Each structure stands twice: as C-alpha cells, then as structure tokens.
Amino acid sequence: MRYYTNLLPPLWTTIAVAVATLATNWIWASWFIKAKGTGLAVLMVYSIFGWPLMLAAIYLALGFILRLCEGLPWLRMAIVLAVIGAGFAVFGVPGPWNLLLCAALALSVGLQAMRTAQDDADLEKL
Numbered sequence: 009m010r011y012y013t014n015l016l017p018p019l020w021t022t023i024a025v026a027v028a029t030l031a032t033n034w035i036w037a038s039w040f041i042k043a044k045g046t047g048l049a050v051l052m053v054y055s056i057f058g059w060p061l062m063l064a065a066i067y068l069a070l071g072f073i074l075r076l077c078e079g080l081p082w083l084r085m086a087i088v089l090a091v092i093g094a095g096f097a098v099f100g101v102p103g104p105w106n107l108l109l110c111a112a113l114a115l116s117v118g119l120q121a122m123r124t125a126q127d128d129a130d131l132e133k134l
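At position 104 of the sequence shown the residue is numbered 112 (my numbering), and the sequence of numbers has no breaks.
To be clear, the hints were calculated from the coordinates, so they are not data collected in a lab.
Hints are supplied without guarantee of correctness; some may be wrong.
Unchecked claim - Restraint-style ranges between C-beta atoms, simulated for each label pair: (1) L48 to G103: 25 to 33 Å; (2) A112 to V50: 22 to 30 Å; (3) V53 to L19: 18 to 26 Å; (4) D128 to G47: 27 to 35 Å; (5) F96 to L119: 21 to 29 Å; (6) V50 to L119: 29 to 37 Å; (7) G100 to D130: 42 to 50 Å; (8) D130 to V50: 20 to 28 Å.
Unchecked claim - The list that follows gives simulated cross-link-like pairs (lysine to any residue, SDA-like), each with its CA atoms no further than 20 Å apart: (9) K133 to L115; (10) K42 to F96; (11) K44 to L61; (12) K42 to A111; (13) K44 to G58; (14) K44 to W34; (15) K133 to G58; (16) K42 to A64; (17) K42 to W105; (18) K42 to I23; (19) K42 to P17; (20) K42 to G100; (21) K44 to Y54.
The model shown is predicted, which means the values in this text are computed figures rather than measured ones.
Every residue, glycine too, gets a C-beta built ideally from N, C-alpha and C.
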C-alpha cells in the first residue's frame with residue numbers, strides 16, 4: 009500500500025491526484041448527463057466501485073508517465089497541462105462541485121504524502 013506514495017515526490021503526487029480526480033469527474037459527469045431512467049440507477053450503483061477504480065487507474069497511468077520524466081520538471085508540467093487542456097477542450101470548464109472534490113482529495117493525499125516523506129526522512133536520520 010505504501011508503493012503509491014513512493015511513485016512520485018509529494019508535490020507531484022498531489023498534482024497527479026488533482027488532475028486524475030478532475031479527469032475522472034469529467035468522464036463520470038459526461039456519463040451521468042447522458043443517462044436516464046434505469047440506466048441512471050445502474051450507473052449510480054456502478055459508480056460506487058467504478059469511480060475509485062477509474063481514479064486509481066488514471067492516477068497510476070499519469071504517475072508512471074510523470075515518473076518517466078524524472079529530472080525534467082518542465083516536461084512533467086507540460087504533460088499535466090496537456091491533460092488539463094484536453095479535458096477543457098472535450099468536457100468544458102469544470103463545475104464548482106467538481107473543483108471542490110478535486111481540492112479536497114488533492115489536499116488530503118498531498119498532506120499524507122508530505123507526512124510520509126517526512127517520516128521516511130526522519131527514519132533515515134536515525
């Protein structure tokens with residue numbers, strides 16, 4: 009379970025989670041807009057498991073791509089901005105609830121990643 013915290017440094021982990029959450033919310037929102045009747049009920053039940061799985065898949069894909077660009081922060085930022093730009097082009101501007109969820113999730117994961125990095129640094133000093 010600790011592997012995801014070692015995937016990227018804390019700042020890039022926070023950025024990757026925020027972008028993955030934004031992308032996941034865009035995709036699910038587009039599906040919910042199209043669904044009606046029974047399809048909407050099935051989608052709501054499926055979202056209980058599907059949303060976190062999609063978030064994890066997008067985060068891992070983005071995280072491994074960003075990890076391959078280690079030492080090239082400008083390339084990492086270009087990739088992140090390309091993903092956000094593609095989302096704006098396809099899905100439009102995110103709504104306030106989408107941004108609030110992204111901020112809450114990114115803040116909690118970012119704090120946990122920084123805390124884990126600090127704990128690891130403290131253990132190395134011993």
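Return holds or violated for the Cβ distance of V50 and L119 against the range 29 to 37 Å.
holds (35 Å)
Distance restraint hint 25 to 33 Å, applied to the beta-carbon atoms of L48 and G103
violated (18 Å)
Assess, step by step, whether the Cα of K42 is no farther than 20 Å from the Cα of G100, and give holds or violated.
It holds: about 16 Å lies between the C-alpha atoms, which stays within 20 Å.
Can you confirm whether the C-alpha distance between K133 and G58 stays at or below 20 Å?
Measuring from Cα to Cα gives roughly 41 Å; hence the hint is violated.
Is the straight-line distance between the alpha-carbon of K42 and that of I23 20 Å or less?
violated (29 Å)
Tell me if the straight-line CA distance from K44 to G58 falls inside 20 Å.
It holds: about 18 Å lies between the C-alpha atoms, which stays within 20 Å.
Is it true that the CA of K42 sits at most 20 Å from the CA of A111?
violated (26 Å)
K42 and W105: Cα distance at most 20 Å?
holds (19 Å)
Taking 20 Å as the top limit, are the C-alpha atoms of K42 and P17 close enough?
Violated, because 38 Å separates the two Cα atoms, which is more than 20 Å.
Check the following: the C-beta atoms of F96 and L119 are separated by a distance inside 21 to 29 Å.
Holds, at about 27 Å.
Could you tell me whether the CB distance from A112 to V50 stays inside 22 to 30 Å?
27 Å Cβ-Cβ, so the 22 to 30 Å window holds.
Pair hint K44 and L61, alpha-carbon separation not exceeding 20 Å:
The hint is violated at about 23 Å.
Checked against the numbered hints given earlier, this structure breaks hints 1, 3, 4, 8, 9, 11, 12, 15, 16, 18 and 19; the rest are met.
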